[in-house]
Structures are given as C-alpha cells and as structure tokens.
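Q: Listed below are the residues making up each chain.
Protein chains: 2
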Amino acid sequence: MTDRTGPALATALAYHEAWTGGDLDRAMTYIADDIVCDAPAGRIEGAAAYRDFIGPFTGILVRAEMIAAFGDEETALVMYDTETIPVRNAPGAECVTVKDGRIIRSRFLFDRAPFQTAAEAAAEIS
Amino acid sequence: MTDRTGPALATALAYHEAWTGGDLDRAMTYIADDIVCDAPAGRIEGAAAYRDFIGPFTGILVRAEMIAAFGDEETALVMYDTETIPVRNAPGAECVTVKDGRIIRSRFLFDRAPFQTAAEAAAEIS
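Line order of the protein sequences matches chains C and W. Final position of the first sequence in full-length UniProt numbering is 126; the numbers increase by one with none missing. Final position of the second sequence in full-length UniProt numbering is 126; the numbers increase by one with none missing.
If the Cβ cut is set under 7 Å, some of the chain W residues that face chain C in the computed set are:
1. 67
2. 70
3. 75
4. 77
5. 79
6. 91
7. 113
Incomplete in silico selection of chain W near chain C, CB under 10 Å:
8. 38
9. 71
10. 111
11. 116
Keep in mind the hints are simulated off the structure, nothing from the lab. The structure presented is a predicted model; accordingly, all values stated were derived computationally and were not measured. Where is the CB? At the ideal position from N, CA and C, for every residue including glycine.
Please put together the full structure from these sequences, using the hints given.
A: Encoded structure:
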C-alpha cells in the first residue's frame, strides 16, 4: 500500500476502514449530509441515499485490501481489492473531496458486470 | 485535477496523454514488454496483449478528462472521465507500478456494464 499523509486522505482511510470493517454507522460519520456521489449506476445525493448505496456492499464483503491511497489537503484517491460473497475479485476506486472531515463529493468506481452476472445466475437458480 | 510530481506519475501521465490523444505507438513506449495488468475481464500479460486491450479504447474515445492523479517514486494512481462512442460517461482508474520509465504492473478499472449494454443493443439492431 502506498499512502501519503494529509487531512483528506486521513478521512478517506478512516471511512474506508469503517465500512470495510462492517461498521456502517461509523463510516457514515465521515459522510457529509449533502454528499454528491457519482457511482456506476448514476448520481447519489445525500447521506441517506449514500447509506442505501454502500450498505449492501458492507453486507456482502468478505475482505478488503488497499492497493494504493494518496491524498492532499482536499482530495484523496484510493484503489482497493475486495472479495465479496457473489464476486470473488471486485476492486474499487474512490476519489473523494473532503471538507471539515467529511466527504462532500465522491466518484465511486467498480465493475458492475460480475455482480450482474452473479445476480442473473442466482435468479436462474431460484 | 490534483497531481503530485514524481517519476512514476510522470510516466503515468505521459502514457495517459498519449493514449487519450490517440497515439497508441507513443503510449506503448511507456509500457514494459513484460507488463502484467489486471483488467476487469482478467489478467493481461505482455505488451502485445496490452496493446490489443487498450487499442480498441483509443478507437472509440471521444474525449478524456483527468479527475485526480497522484504518485510517488514507484506507484501512480489516476482516475479520469472518458466519453466514448458507445458509452457517454465511462470513468476509469489505473494504478501503475513504474520501473525505468515503463509501466510494469497495472490495475485497470472501469465499469463494463454500459459497454455490454451498448454491445447488446448494437447486436439487436444489426
């Protein structure tokens, strides 16, 4: 893992540690009420909607490992591997803008394709 | 765009500028012969295979805009937006390890879902 100290990165890492550790309540303490997040399926606005987005990830996460993490005063950029119940290799990347210790802007990137394949396979079985 | 100077980032940005500018030959001068790249569809090994992977992106790219770029001596991490012919909003992130001015290791992340949807739509038309 590569990292840099800096207030934005400190917030990004604390948030990352919380949600990958399954502590959604603590993760949300780093999310601004009016967060705007561009995720693969579209824009998410507000902390409640963000919680609905990230919550299911927390529920299916087996493990996470940081690949690289950098940041400066305002911005942090992280990439990590995750293993989830439906998808074994599901890396993600997040670019966050931090203000007053909370994430106000996020670009959240992962590949939806294997999750869609897993969901289709599950639907065929059921 | 947020950036840091450093040899790994300089290489990553030069490579990025080349491929997003459509100059695949120049982009490949920053790729090590024995590159190992983990992309959404699986592992790509060697410069020839990497060229086959990145080449089609170059062909469908309309524009690219860097969101954030950081790096240190060995590692660079970038996230960018792209507009492509089949998919209007196709952000990507790359974490690269650089040695002697060439990328020897890459983690390449983007959402395949909209490209698959576009391909299916095109198949239905044809």
